[in-house]
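Visitor: Let the sequences and hints guide you as you build the complete structure.
There are 4 protein chains.
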Amino acid sequence: MLWETDELVKDSVLSYTQEETILEQKLLPYDLLGTAAHAKMLESQGYLEKGELEEVMEKLSEMYDEQHEIEGEDVHTFIEEKVTEYTDAGKKIHTGRSRNDQVVIATRLLMKDSCIEISLELLELVKELGEFAENENQPIPGYTHQQQAMPSSTGLWASSYVDALVDDLKLLQSAYEVIDQNPLGAAAGYGTVLDIDRDKTTKLLGFKSKQENPIYCVNRGKHELMLLQALNHVMLDVQKLSEDLINFSEDQKFFDIPKEFCTGSSIMPQKKNPDVLEIARAKADEVASHEHAIRSIIGKLPHGYNRDTQQTKKPLVESIGTTLATLEILADLVAELEVSDSFEIHDDIHAADTANKMVEDDLSFREAYQEVKQKQEYCSGDSIKEPVHQQYVELEKFWKAEKSSFERTKESLLDS
Amino acid sequence: MLWETDELVKDSVLSYTQEETILEQKLLPYDLLGTAAHAKMLESQGYLEKGELEEVMEKLSEMYDEQHEIEGEDVHTFIEEKVTEYTDAGKKIHTGRSRNDQVVIATRLLMKDSCIEISLELLELVKELGEFAENENQPIPGYTHQQQAMPSSTGLWASSYVDALVDDLKLLQSAYEVIDQNPLGAAAGYGTVLDIDRDKTTKLLGFKSKQENPIYCVNRGKHELMLLQALNHVMLDVQKLSEDLINFSEDQKFFDIPKEFCTGSSIMPQKKNPDVLEIARAKADEVASHEHAIRSIIGKLPHGYNRDTQQTKKPLVESIGTTLATLEILADLVAELEVSDSFEIHDDIHAADTANKMVEDDLSFREAYQEVKQKQEYCSGDSIKEPVHQQYVELEKFWKAEKSSFERTKESLLDS
Amino acid sequence: MLWETDELVKDSVLSYTQEETILEQKLLPYDLLGTAAHAKMLESQGYLEKGELEEVMEKLSEMYDEQHEIEGEDVHTFIEEKVTEYTDAGKKIHTGRSRNDQVVIATRLLMKDSCIEISLELLELVKELGEFAENENQPIPGYTHQQQAMPSSTGLWASSYVDALVDDLKLLQSAYEVIDQNPLGAAAGYGTVLDIDRDKTTKLLGFKSKQENPIYCVNRGKHELMLLQALNHVMLDVQKLSEDLINFSEDQKFFDIPKEFCTGSSIMPQKKNPDVLEIARAKADEVASHEHAIRSIIGKLPHGYNRDTQQTKKPLVESIGTTLATLEILADLVAELEVSDSFEIHDDIHAADTANKMVEDDLSFREAYQEVKQKQEYCSGDSIKEPVHQQYVELEKFWKAEKSSFERTKESLLDS
Amino acid sequence: MLWETDELVKDSVLSYTQEETILEQKLLPYDLLGTAAHAKMLESQGYLEKGELEEVMEKLSEMYDEQHEIEGEDVHTFIEEKVTEYTDAGKKIHTGRSRNDQVVIATRLLMKDSCIEISLELLELVKELGEFAENENQPIPGYTHQQQAMPSSTGLWASSYVDALVDDLKLLQSAYEVIDQNPLGAAAGYGTVLDIDRDKTTKLLGFKSKQENPIYCVNRGKHELMLLQALNHVMLDVQKLSEDLINFSEDQKFFDIPKEFCTGSSIMPQKKNPDVLEIARAKADEVASHEHAIRSIIGKLPHGYNRDTQQTKKPLVESIGTTLATLEILADLVAELEVSDSFEIHDDIHAADTANKMVEDDLSFREAYQEVKQKQEYCSGDSIKEPVHQQYVELEKFWKAEKSSFERTKESLLDS
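Residue numbers (the numbering used here), protein chains in the order written: chain A, 1 to 416; chain B, 1 to 416; chain C, 1 to 416; chain D, 1 to 416.
Among the hints, erroneous ones may be present.
Since copy identity is lost for identical chains, a pair holds within one copy or between any two.
When the alpha-carbon atoms are kept at most 30 Å apart in a straight line, the in silico DSSO-like pairs for lysine-lysine are as follows [said to hold, decoys possible]:
id, residue 1, residue 2
1, Lys272, Lys91
2, Lys373, Lys91
3, Lys10, Lys82
4, Lys373, Lys10
5, Lys208, Lys26
6, Lys253, Lys373
7, Lys357, Lys82
8, Lys403, Lys208
9, Lys259, Lys410
10, Lys127, Lys208
11, Lys26, Lys91
12, Lys82, Lys373
13, Lys397, Lys26
14, Lys314, Lys208
15, Lys50, Lys272
16, Lys314, Lys10
17, Lys397, Lys208
18, Lys403, Lys373
19, Lys259, Lys400
20, Lys91, Lys50
21, Lys357, Lys26
22, Lys208, Lys373
23, Lys203, Lys397
24, Lys375, Lys82
For the record, the hints were derived by calculation from the structure and aren't laboratory data.
Guide: Following this line, the structure appears as structure tokens:
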């Protein structure tokens, strides 16, 4: 322990309070990036010799490339210990920095990186839905109150998800832009008397700006909550999409779920079950619960670092993984989706249009409505409804540029 | 009932499924605006005579000015009935529009308006905190793990809330910009065969753009969730602020809560209780639960309108009211806040700075840390820490401009 | 204000911290009962003259019978003021009691009473489902993965809800039995030096036992949470029942929802919408969110009374009302439910039974499974599956006995 | 795969839909118990020869003793495959049973076992708190509104948690009693045409009764929710206890948290942080979120098995582990807890008692209240308040008996 002393801390206390290693492992590359930036800044401020910096960077780069398995207390101690084994300069890399600092900067970089990956994967799903809408457009009934209600089309339906998911891309961008502030340099939340240069690390780490107030910098969980809220929206739409796909392929028979996405039953030989969609539907609620967990954990905490906030890491990391995996498999599934050739469309879905056409012939709508209701005769449908959704070219550009920028930051920090 | 027929619907069914009148009442001005825009568009498309439009607008303006109390089924039926009593043209204002349409456009306008009001009120709180930070800056200990830990100041502390709340203003802006799409014209979710002009209503109602896909337009709850997520962040910060103020004014004695914000006890004559802050702390959890309610209600619903979504209105309206009331009273309270003149600061909060100063004298931080730990002698503190937070001039401009724009839209639609 | 002094408390503070009158009104009868019991005890302990008690009881009984509309600060102050207007002895009824005491005892009685009402209403729904299962038993397919899977029956299906709801009755009973402890006498949470007799009020108010620890007595929200958790289960089952009824009456066509429970569309003349079931489905999520609200509000509060807990009253009262209303209308609906005469059952739901029959002929199940899977020939179905569920006679007796007991308590306290 | 056929199911589909092995592993002993009971029943019904049963039991017992690491699809398939490798009779053990059946019975046994363990651990914490209350009783101020308010004692305070946690033991018992129904025999949710004997497996597995309706038997998640609700209460009290302990040992200085339960800071050499209590406080919110997750996942699902319900396993298993670990460490901590010898008690906490004593001298309470308020002179305190809480002997007996009974069931099924 970095803070170890003569007092014996119980093992049970350590095992109870430390996090699962798998979570620590996720932070390793990002903590290495943060440490590299901090070390370079220390050197430029005179706290580290040039030669010391070189040795430190050698070890950090090696650890980055080899992705060591973490041992010991946590990822932050692990890095400091490994570097110190390699060079005495390791003892100085904690100068002007606290573990809070370390975990906050590592988590912030993890969030930026994950946000980029998720947005690019979401763009894949958006494109598959858009292509399906264009290429497989056929008439289906549109539902209200879970009843056939109005003429619709597979294209209109699929493009409604494009429209929703593009809004989610905007929400991801907003969360990303608020997250994109450098918290490094807050130390234990009250800054440091040492002469560190926060603008320098901001630039080295590729942040748009530095986060100003040190107390706010260590207010862990708030930025995590922002990202989780955006993921909640993504998964909400995925849940609705899954619900529709299950209904469309079961009772309503509009679609065939590709066989390679279905599983069987151990007892009923005839079954083809849409398990992927059911699991996706459930995982959306997991992400919503993770948002709830983070909000609850940080709620009512007084200012300054509190250990409670450590527990926000697990719901964050799990939600990122869940969302990515779900988007990937759904994009695959939509790419293979086929419209069925036999299902029944009720005649009365044209009732409203029939009334509307009477309005064109100068009846008031209320009168037309009553007449159609009594006669129950419907004019036949129109031409097929075309897909329609907002554009997302700018969003695509944004995420691709951020991806490149993040890659460049990594390279310039550690790959030289 | 607009859809009433010979069949008798049970009264208990109607009372069970209809909303509280107080919620309907909130939508009245916004439904009138939506109806006015729709009517003007109908006239320009030839579905309404010029004279008919004039009569309709007369009645809508009168209802807007007088804010009638709603009777009957709901606000949408109420408006149609009142206009139809006044002029036969009333029968035509539902042309090319469904109740879904009406409620969606009215709710969207309510959300825009509320978002503006809340942001302006939040700016008031931000300013009060900023002024307190500048004018009442005094040394206090900064806490970690709910212990005195490092030297801090009332200015550094108060400006940490400015920094956080400015991030919330950005989140409100993001939600606002996604909400700011015109859904009017989706009819029952599948468009209409009538020749309506959605660009016209978009312009008349002052939306930045129209929401493209009609199925997505009637997907109620998603935009409500966006706003609630932003309000959840605002109230999360308010909750932390309240927690700090309670701690600071009770056990820690840094602040005096102004007497006019405290209440007494029915049994203990000596008490001065910070009820406002306790209630604010609880109300933050109410808003979080309302977000949860909306997310749950809309979860797993298939595409197309489902009546379930009506139940998103109550948590939306209540959260808006709660947030506004809380911001108002906290801005007042902060304006009156005073730093107490007698509290104790522990000497050992200077331990880290003492170690840091040894680092300046060329010890490694780990060695300095151990030395301070053993000697327990601390150098005295620095000069007072200054407040620091990000700027928000652009955000202030944005919200003031939106306020003006919304006012102009109302005037041009109804006050002529 | 009972605690009013020279200091001016801001009106905005009072309006922000006080509850909606409608919530206070709900507590009036229960606070009167608690006050009556407290007054009787005060007399028997010598703090009130016999004649004083008689005057106090006259006024309390009158207020109970006439259900006055509350004015002023809150229900507790209202009662004290009204009694004091009537007799000077009113000034003494707060002796040995705090407002915390009052609100806790009133809420506890409200919860007991509501729990009885809800359980009896739930028994009505259980009976209607049981009768439907017996009288309208017809073959339907049973679903897995939202597909027709196995032979089932309307009786087996409906009795599965009986089985679940009877478990809920047990959960309600458990909650009730923990709630059924008398908290009166805790004063501000630390007892009183006055010689009050808590056993006496326990007996007068019909509680099974007194709640021992005064700090725990004023720990508001925990018992509310217990009741809400049971209601959450009731509404969860109601939600699933509603989902099934919607599916069965729409795409699957097994049932006809009675017309008097359906509403129409303002734009589509042909629609008959199952709004009651959609609203019930949403209201289940409201109750779940109210449980969440109470849990969050009381979470992390330190010991002793905190004003935050006042905010648990609204989700409590609303959930009780919502659950009662939902059970009533669903019992009505189930009473009118009819099985449709035309729907299609897939042949392959007999696949598992076909394999099972081969097992009777001595094939291992895995071999039979593979053979059925390849041949796709199915033996025809069995006789209809009979309804089956656990008994609930004892639960019915319990709730009826509690109802009588509560009525007797009310009468003996106030109707003499 | 048990249901594998010619169709190629994508690997990504399998990895997306299957659970983490660690969760499967937890179910292994319970699935072995369920399988043993099912096999014994099959033999007594003539579906298995006596010799076949013996071979099957040999393998099941061996697997139980050795706790193999699971490979392959899931725990259920793993057991069937391992037994079938050992004896051809393995092919028959799925007779009259589905995987739903298997998972439901295994989960039910896991819940029973965990509920017993948690209750016994909770009793340990209850005893430690009770002993602390008796042995370390000293005056402290009691708080309201986070202010010193009334005379209290460490004994009164600690016994308030005994009182609350004993209520939780009742809630655990209620949940346990509803959970304690045997679901085995429901097959895929609609029973089986084979002549199985559900009463036999009920007896063999030590259930109090069989769960009657097969559709309800496979309604996964509802019983999990019951257990989680009880755990939520346990952790809610633990959270409040932690909050108090943090306040008491930090600002209020009533207690000293034993050093071996505290951790240090990497940057501030002087710190002793109560991390255990902060983590416990956060973990309470995790359990609350897990309850929320289960409720959300099962909400709105139609009748019959849906794959979504698989996702209830993780929050269940994690909440059980979290609760157990938290109770263990807190019982340890309370056992070492000491009252500090120097803290300040405000004089005015005797104000209410001063007024009450005037009441004994025949002033009305309202008049005494005003007099004390003006004079601000207080009589000195009473003798120390004694601990008080409800008894829990019967609960202790219950849980110990259930523990023995569960042990006997395991032995008689697998250790012969």
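Visitor: Each of the hints needs a verdict: does it hold here or not?
Guide: Each hint, compared with the structure:
1. Lys272 - Lys91: between (60 Å within a copy, 23 Å between copies)
2. Lys373 - Lys91: Between. Shortest inter-copy distance 17 Å satisfies the 30 Å Cα cut-off; intra-copy 83 Å does not.
3. Lys10 - Lys82: within (25 Å within a copy, 41 Å between copies)
4. Lys373 - Lys10: Result: close only across copies, 21 Å inter versus 77 Å intra.
5. Lys208 - Lys26: The answer is within: 23 Å in one copy meets 30 Å, while 41 Å across copies does not.
6. Lys253 - Lys373: Close inside one copy (28 Å) and across copies (22 Å); limit 30 Å.
7. Lys357 - Lys82: Answer is between: at 26 Å across copies they meet the 30 Å cutoff, but 78 Å inside does not.
8. Lys403 - Lys208: Both: 14 Å inside a chain and 29 Å across chains, each within 30 Å.
9. Lys259 - Lys410: neither (41 Å within a copy, 42 Å between copies)
10. Lys127 - Lys208: Intra 29 Å, inter 25 Å, cutoff 30 Å: intra and inter.
11. Lys26 - Lys91: within (24 Å within a copy, 43 Å between copies)
12. Lys82 - Lys373: between (79 Å within a copy, 24 Å between copies)
13. Lys397 - Lys26: within (28 Å within a copy, 41 Å between copies)
14. Lys314 - Lys208: Cα proximity of lysine 314 and lysine 208: one copy only (27 Å, versus 38 Å across).
15. Lys50 - Lys272: So lysine 50 and lysine 272 fail the 30 Å test inside a copy (65 Å) and across (36 Å) alike.
16. Lys314 - Lys10: both (24 Å within a copy, 29 Å between copies)
17. Lys397 - Lys208: both (17 Å within a copy, 22 Å between copies)
18. Lys403 - Lys373: neither (57 Å within a copy, 45 Å between copies)
19. Lys259 - Lys400: Result: close neither inside a copy nor across copies, 34 Å intra and 52 Å inter.
20. Lys91 - Lys50: Within one copy only: 15 Å inside, 70 Å across.
21. Lys357 - Lys26: neither (61 Å within a copy, 34 Å between copies)
22. Lys208 - Lys373: neither (61 Å within a copy, 38 Å between copies)
23. Lys203 - Lys397: both (22 Å within a copy, 28 Å between copies)
24. Lys375 - Lys82: Answer is between; shortest inter-copy Cα gap is 29 Å, intra-copy 83 Å.
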